[in-house]
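Work the whole structure out from these sequences, hints included.
Now for the letters of each chain:
Number of protein chains: 4
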Amino acid sequence: MTAGSSKDAVKAALTTQALETPSWAYGNSGTRFKVFAQPGVPRTPQEKLDDAARVHAHTGVAPTVALHIPWDRVDDYGALADHAAKRGLRLGTINANVFQDDDYRLGSVTNPDPAVRRKAVAHLLECVDIMDATGSKDLKLWFSDGTNYPGQDDLRDRQDRLSEALRTVYDRLGDDQRMLLEYKLFEPAFYATDVPDWGTAYAHCLKLGPKAQVVVDTGHHAPGTNIEFIVATLLREGRLGGFDFNSRFYADDDLMVGAADPFQLFRIMYEVVRGGGLATGASGAPGVAFMLDQCHNIETKIPAIIRSVMNVQEATAKALLVDAEALSDAQRRGDVLAANGALMDAYNTDVRPLLAEVREESGLAPDPLRAYERSGWQEQIVEDRVGGVQAGWGA
Amino acid sequence: MTAGSSKDAVKAALTTQALETPSWAYGNSGTRFKVFAQPGVPRTPQEKLDDAARVHAHTGVAPTVALHIPWDRVDDYGALADHAAKRGLRLGTINANVFQDDDYRLGSVTNPDPAVRRKAVAHLLECVDIMDATGSKDLKLWFSDGTNYPGQDDLRDRQDRLSEALRTVYDRLGDDQRMLLEYKLFEPAFYATDVPDWGTAYAHCLKLGPKAQVVVDTGHHAPGTNIEFIVATLLREGRLGGFDFNSRFYADDDLMVGAADPFQLFRIMYEVVRGGGLATGASGAPGVAFMLDQCHNIETKIPAIIRSVMNVQEATAKALLVDAEALSDAQRRGDVLAANGALMDAYNTDVRPLLAEVREESGLAPDPLRAYERSGWQEQIVEDRVGGVQAGWGA
Amino acid sequence: MTAGSSKDAVKAALTTQALETPSWAYGNSGTRFKVFAQPGVPRTPQEKLDDAARVHAHTGVAPTVALHIPWDRVDDYGALADHAAKRGLRLGTINANVFQDDDYRLGSVTNPDPAVRRKAVAHLLECVDIMDATGSKDLKLWFSDGTNYPGQDDLRDRQDRLSEALRTVYDRLGDDQRMLLEYKLFEPAFYATDVPDWGTAYAHCLKLGPKAQVVVDTGHHAPGTNIEFIVATLLREGRLGGFDFNSRFYADDDLMVGAADPFQLFRIMYEVVRGGGLATGASGAPGVAFMLDQCHNIETKIPAIIRSVMNVQEATAKALLVDAEALSDAQRRGDVLAANGALMDAYNTDVRPLLAEVREESGLAPDPLRAYERSGWQEQIVEDRVGGVQAGWGA
Amino acid sequence: MTAGSSKDAVKAALTTQALETPSWAYGNSGTRFKVFAQPGVPRTPQEKLDDAARVHAHTGVAPTVALHIPWDRVDDYGALADHAAKRGLRLGTINANVFQDDDYRLGSVTNPDPAVRRKAVAHLLECVDIMDATGSKDLKLWFSDGTNYPGQDDLRDRQDRLSEALRTVYDRLGDDQRMLLEYKLFEPAFYATDVPDWGTAYAHCLKLGPKAQVVVDTGHHAPGTNIEFIVATLLREGRLGGFDFNSRFYADDDLMVGAADPFQLFRIMYEVVRGGGLATGASGAPGVAFMLDQCHNIETKIPAIIRSVMNVQEATAKALLVDAEALSDAQRRGDVLAANGALMDAYNTDVRPLLAEVREESGLAPDPLRAYERSGWQEQIVEDRVGGVQAGWGA
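Protein chains in written order, with our numbering: chain A, 6 to 400; chain B, 6 to 400; chain C, 6 to 400; chain D, 6 to 400.
Heads up, a few of these hints could be off.
The list treats identical chains as interchangeable, and a pair is accepted whether it falls inside one copy or across any two copies.
20 Å max Cα-Cα, derived EDC-like pairs, lysine to aspartate or glutamate [stated by the list, open to error]:
(1) 216 / 137
(2) 39 / 108
(3) 16 / 106
(4) 12 / 355
(5) 212 / 169
(6) 212 / 162
(7) 12 / 165
(8) 212 / 242
(9) 39 / 192
(10) 142 / 388
Hints are computed from structural coordinates only; laboratory data are not their basis.
Listed below in structure tokens is the structure:
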């Protein structure tokens, strides 16, 4: 978006925005203290897609769904892709899971035991096979690997093992496939995490090659970290693969994106727009992937996801509305207050009417939450989805 | 401990030290990502006591065991107390649990629904009944209550509800029973916790009366909090009920106490000694309760608890070795380096030989970890405890 | 403000809002690395008042000015009050300063040296004398006292000394005078601060009596602290004396209030409104004092203060606009998303038009910043205030 | 150091250790609230060197002194080097200063004004000239550059400007000269710092070439950052240029190294030893530079620096004492407690007797602090250094 974007240009950009919702957010989640089950939660990957289709139907900007293997393992991924297609969806990023097997107590790809490492790498390679089957373009790798106690393992050896595993997987990727490497400060590792920050992820990606990109999960940083700086830097380096959006007041709280600090989300989206990241994500080209990764522990899941999508839209709309010319002019003059004011003018704008317009012009109801409520879907799934095992982490 | 403590006085103080280990630390625990089961873990409250008895046998300073209701619910608490007594143990603090029922999704004693509040209070009152049966003196209350989203509930109404519940329980306490109120910054609540800091716990205790005391869990603070200052302040106010010891690098990591920041543990124990808290705890009088509250997610549980007990002993020994006269003299002179040096001299001392002496004079092996290893207990329980359901959070 | 406030009621509340600007914010400030001097900065307390009068003239809600002794020491405080009155201002809170004398290297009222303590207390008593002369109602006490190294001084002795000093000053207060005790986590003390948190300030105030109240500086907390919870709690306890408003991304950054986290400021103002704190502050009665305490290190000072006042107004307006009935109803039903949504609806509203109306109805220009810019005052002071010594910390 | 280091090998490594003390630590420093002047503080660069010579005389491991330009600007750097040499010292790292001129209010090398950027780069180039004159090998670059408010300047443009400036300076370096790039989370910039983390510094260094290396200041991280992980990673990447040692409880407190968290310092030195960083630093080859960067705001400066040197020595000694074979064996077996125990065994060792031996074998007194005290130097400088302007930041 350039200076002086017309309202039409803003609306056009908002129309083409595409977010990816995660299959696991439709299932149960919780903390180590308790997982509160909710009525109507999906029992199968198909039912997760059914719910995701409602989010897309009401918002118009959530056409893809991320899968988590093995939680979404099915016999026939082609059939699953068909199930999605019939509901107007596509299967998106494949998320590997190497943290829920007893073998991974001391790590997966960085485990001191080579047999465990081989098992973990085999799972990652299987995920690429699944990508081939689903047509997914991105493999997202988050490793819970790390140590809880100083001395528990050798920090450097673990980097060597990580490097070797990533290389093996990278070499298996197809031409149009990417590896998205996620970092996280802590949890479940409580002393040292093997990919704790963007610098570590970036260094590994650099060595791997252009198909390796960094993922920014907005809840994975130390207190006080300026996340939008990281976003701007990774875009400048051509290494921002995407986001895992959520929000937090403390640690990796996984609250609805924009719920804890909407101004931060705006600043992030401003840097995305500034760095050209929105355009790439909106096109079909491999650009910045805008994914949600949240836990709706106590709130109803589908409307929480709709709300999250709307929060990202609102932050994006505000970012697009920044008067780039006024901003740039004040920055060049060194007028601190005017430059800050130019940014705040956009932030302080109530963009909800604009987004209502965008939706109505696309044939959608102006208020997705109200539309979902009126659709009766929630009552239906509560009634229908009785029996079976509710989806959740580990299922 | 006063200035110029003789070695004998230090050893005497160390001999009378008493720590309480938590029944749940012998069972499985984990993070929201995974609970790694360990072989040999107890299946019953009785087996937890059997393990706790080994910790006491090798260290000599862990004579009591905290129970968690309902995890340790039994039909006959008198029989459970007998089981403990036969192994040289006593049943200690009763820990209430109002966070694992589906009804508590939006809180227990602060829930907006009065029916849920009544249920929670009933559980707390049941815990006092259990205290009567076990002879436990302390009721420990930790509430997971809080909110995840701004606006979710009224912060002030929740304080009113909390206040009412605490009053009901307080009034039920016997003359020699106490209520220990624990605070925690966050988790599982991610926006506002109803008892988030020592100030809130203290304000409630003040209103309740002298039998209400504050518990300091060393992992429950915001980054940068000076915990020993809180300890000194609560002792000065006569409101330090006890500790839940553990350690952390990030959040409430629940690592072995002393593992993450042994210097901090020393400073805490120094303030305990300075404020007269060790004497009270060591006597039978209601004083400062020294409890462990940890999660041995990946390390073997019994030796981890032995190690934790030793870490507290070592920190205590160093605190007792501070040359109070030299310290006080330097402080009065305003000699910053000398005063800091007096404290560091004690910290830099290797107290392991002294503690080995203390143990040998008590008829114990000098190295409890080695003694446990040689005892064959670990191999025995791995062999014996097959089948059944391993204890853990929720079981 | 109660449920369903009419627009008129909101406007009335906004009209009666009163903020206090600090004399020192008009002078130079900086970091330990550099104080950047700005042209036109006041050289005298009188010139600071002249600038403050411009802020009040354009906003209509900043009628009082806080003084800092000795920075604003004058021979004739009556004359200074007259100077203020002629410009439509009143002299507000008196801020004591016991941190800039070489004697205070190891503390002021908590210094191990009794002679230094006597000197510090004498200064505090002098400040009460000045209050008598200026008609100020509030004495604000912030102590930089603390220690940099463990062992440097005895934490508990320092509390005893603090307690004694506060008692002496408290007993000197007139019937309509208050003591506002401020807490701060760290800086300039880097190990232990003697009043580090609200709990410590509260405990001292409780013992002193009803004229002792706690001040919340929004930049004085550990990362992750829920400030609005503290505000709600202190209001519930009847001990919230006032605010020192500013904002921060990291530590005590002293940026313009609302600049770093406008959503947090809104949540704070919501709790103020919810707890009845706005009404008291707006009346003449001793209520919650809304003060700014900021450092405009790099931005032009007067417009920065105007902007800060506007930010508080906007947050207040949004807080007043919360549909209390809808919120309360959703909270009672346990509808997490609806309750959060009710709060967010108010936050997402663009209240700038409403505030423009409020100003115009009071005979002010709708945009205070533009009005200030057009007034020519800035050019005037840059031209006039040449020579002399610019005001700043320490002058 | 390899597994099973003999005591002799440990002592040899300790003997060859070399630390650099910073000229500015001998002068006055403080916080934004107050700089407390101390008697006897140097007035000239020469007097700083005189003091530094005392530190080296008593410790034997502090042979070089870092200079800060312009604080240590002299007419004849050759003469200054001679002054140093006569006292057994060498001039070390040259520290550029582009943060104390009024022109740098909005940045130095990243300032939006190209004229300011040129001025800043000219200063950096002058520093290389000084290196040529002093024989210094390392240019240390810390930039205070950043912004205080969102929108104030363009984050990405500032990276471009930074990149250009660094390139110009890098190209000017001689064959045996290095650029050490330091990062810092915040202060004095309070929104975005232009080099906020190791990742940013690393990315710039990578592009510049092998003579560009990253400096780790132990006080420049977000809360919770695992610094030893960064150390291990940078060593693995061949990009660890050196340390600025100090310690902190909160932000960039600049306390004596090892004072706040001695266990962290040990873990850092362990990774240095593990990664081969000690050997390079100890030899004359360009390796890891071990520098102090501290502020002795309230404690006497020379003994504080001696204490700091001793703290680094003690941490190094403990790191060297780790039984690498036992550690590695336990790590390979996945024995968490044994591996942690192997590290802790070394940490819990009292190494003061060993260091006393090392000193005595080098002809030094066993206790450097006591030796300094007895030397009479402190009384001498207090008596002699009267009049003139004491050195400090800005002088």
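Each hint tested on the structure:
no. : hint      : result
1   : 216 / 137 : within (16 Å within a copy, 44 Å between copies)
2   : 39 / 108  : between (24 Å within a copy, 11 Å between copies)
3   : 16 / 106  : neither (46 Å within a copy, 46 Å between copies)
4   : 12 / 355  : both (14 Å within a copy, 18 Å between copies)
5   : 212 / 169 : within (11 Å within a copy, 24 Å between copies)
6   : 212 / 162 : within (17 Å within a copy, 26 Å between copies)
7   : 12 / 165  : neither (51 Å within a copy, 31 Å between copies)
8   : 212 / 242 : both (14 Å within a copy, 11 Å between copies)
9   : 39 / 192  : both (17 Å within a copy, 11 Å between copies)
10  : 142 / 388 : neither (36 Å within a copy, 48 Å between copies)
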